[in-house]
Amino acid sequence: MAFRWIEHTGELELELDADTERGIFEAGFWAMRELMSSNESPERIEAPVALTGEDRAVLLADWLGELAFLGETRGLVPDRLASFELTDEGLTAVVAGSSGDPPHLVKGVTYHGLRFARTEAGWLARVVLDV
Amino acid sequence: MSELRRVGEVVWELPATGSMRVPGRVFADADLLEAIERDESLDQLRNVATLPGVVDAVLAMPDVHQGYGFPVGGVAATALPDGVVSPGGVGFDVNCGVRLLAAPFSAGELGGRREALVHEISRAVPAGTGRGSGLSMTKAQLDRVLADGPRALEGIGTPQDVELTESGGRLDGADPAAVSARARERGADQLGTLGSGNHFVEVQRVEEVQERGAAEALGLSEDQVTVLIHSGSRGLGHQVCTDFVKRFDAAVGRFGIRLPDRQLSCAPASSEEGRSYLAAMAAAANFAWANRHLIAHRVREATARALDEESAAGTRQVYDVAHNVAKLERHGNRELCVHRKGATRAFPPGSEEIPARYRDIGQPVFIPGSMGTASYVLAGRPGAMEHSFGTVCHGAGRRLSRTAARKQVQGAELRRRLEDEGITVRSASNRGLAEEAPLAYKEVEKVVEVVERAGLAVRVARLRPIGVVKG
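Protein sequence lines, in the order shown, are assigned to chains A and B. Take any residue in the first sequence, note its place counting from 1, add 11, and you have its number in the working numbering. Take any residue in the second sequence, note its place counting from 1, add 4, and you have its number in the working numbering.
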């Protein structure tokens, strides 16, 4: 499971790879964690997440968007997935982290070049974030 | 060399091939064209040309660079009622735009109080990537802002500020009910805040007047201090775009629309989905105008603290323009939905859309340069209606990615360099400063020169920064 930032003139392009579909979502979590790190307080918070959708690429975009939303509106700096379940119909998770003032770097998760595909080595996803 | 064909001194045509419904046209000189061909701008322009209902040609302004779906600096008009509207053709930051204020004093008169002024502005205008600190509003108050824009902010600014705002600071058809609860939550405490990325408040001096008559009409003279505000609709607008890209993505099949890029998701403007987006987008645009209105008010408050009440009261709004928006406009005998993504409306003299006091000079347009370089005041010319749906560029246009910019310059070093050049800098983050370094952008002089050579607008004044508060 890994994430990489790809050069993009105006925005941020993210590539994720993992052995499993679930691993792609976890890699996305860690990529967002990197973008949202900030001066955190000792106060711990958790937020439940429930997303529906059968299209894995759109579900990934929603997942990354949800993490950005929690940072922007709740000040949640994520550092741990307290739980995560991926089903054919969507995902449920509990995102844990500290209370802080994370950068609102990600304005939106685009569908430009959005990809979520099986490869010989496992799974690969690509997504462009508007920053 | 691509298949671009030169059709004018600074105009290049991308022939309609494959599923393109119209050709593409690129406004550029040879140097800018070379940069444009290095990224995906032209591929994205080709994709835009496949949108149902698109007319005449899709356009790339000289500051174009690759974006997502539409290139940034892209323009496309679709014929109403059934041509499509695409949220990706507006972008996430609905009605990102710029507002210019003119101070009643010169840079010479400001003198050593420059640093105090920039400092007070940085204290007054919440900036950066953190949470809101903006105006707290009840749901009813937010509804009024979404419906009426700056007019809803009683006691803030002046009626003249509203009059001297594109579209009077209010897009018709705005429906607060079309804005989701999630979008409202994101924007709830962000009114009057700058945001991050390339957003800024810049204190400038008029370095050169280039078109005296127009400058006089705008109340600009050499060495005068001006303040340029660049911000948009913050999280509220971003969420409106997110909501409708997803909704349209799910609906395109029902409309029989096939797209080369999912970010171009769209719906006929006359459909329920299309009308709902236009109503939500208009509400977000009104929020953005109110946002810049409140920021301008805070700049005046900062001026009063740093200087005096008289200086604050005499700080006039020159104009305010949007550069991420879709507008329903009549062009000739056609009703069009004109998408301008990173592009500015620039109607020529005589247009009824221009405030009466500026009608003889053409719509004022502000083109921010990169941080530390000049910005320009332009005025629309008849060529814009003939060649670009009344549109010009919106800035210098990115040349380097943010990562590449950070590799080439350290934020702290850039800050020192700008200070050495007489530019006071206030920025929450050295990283953000480096990402917006001048080397990351094209030369704004070349961009505006192309616009002028193409007959789209004329240069009125060049503004040189003396202080910058970066988001």
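Some hints could be false.
[What the hints assert, rightly or not] SDA-like, lysine to any residue: derived pairs with alpha carbons at most 20 Å apart:
# : chain 1 : residue 1 : chain 2 : residue 2
1 : B       : 250       : A       : 18
2 : B       : 411       : A       : 18
3 : B       : 143       : B       : 184
4 : B       : 250       : A       : 60
5 : B       : 250       : A       : 105
[Unchecked claim] These stretches of chain B come out as covered by chain A in the derived footprint (C-beta under 8 Å, 3 or more residues):
# : segment
6 : 151-159
7 : 266-272
8 : 396-406
No lab work stands behind these hints: they were computed from the structure. A virtual CB, placed ideally from N, CA and C, is assigned to each residue, including glycine.
Please count how many residues of the segment 396-406 of chain B have a CB within 8 Å of a CB from chain A and say whether that reaches 3.
holds (count 5)
Could you grab the alpha-carbon distance between residue 250 of chain B and residue 60 of chain A and see if it respects the 20 Å cut-off?
With a Cα-Cα distance of about 18 Å, the restraint between residue 250 of chain B and residue 60 of chain A holds, given a limit of 20 Å.
For a C-alpha distance cap of 20 Å, please report whether residue 250 of chain B and residue 18 of chain A respect it.
violated (25 Å)
Using a Cβ cutoff of 8 Å, are there at least 3 residues of the segment 151-159 of chain B near chain A, or does the coverage claim fail?
Our answer is that it is violated, as 0 residues pass the Cβ test (under 8 Å) against chain A, missing three.
Take a quick look at whether residue 143 of chain B and residue 184 of chain B sit within 20 Å of each other, Cα to Cα.
Holds, at about 12 Å.
Test coverage of the segment 266-272 of chain B by chain A using CB-CB distances below 8 Å; three residues minimum.
holds (count 3)
Hint check: residue 411 of chain B vs residue 18 of chain A, CA-CA at most 20 Å. Holds or violated?
holds (12 Å)
Can you confirm whether the C-alpha distance between residue 250 of chain B and residue 105 of chain A stays at or below 20 Å?
violated (24 Å)
The structure fails to meet hints 1, 5 and 6 from the earlier list, while all remaining hints are met.
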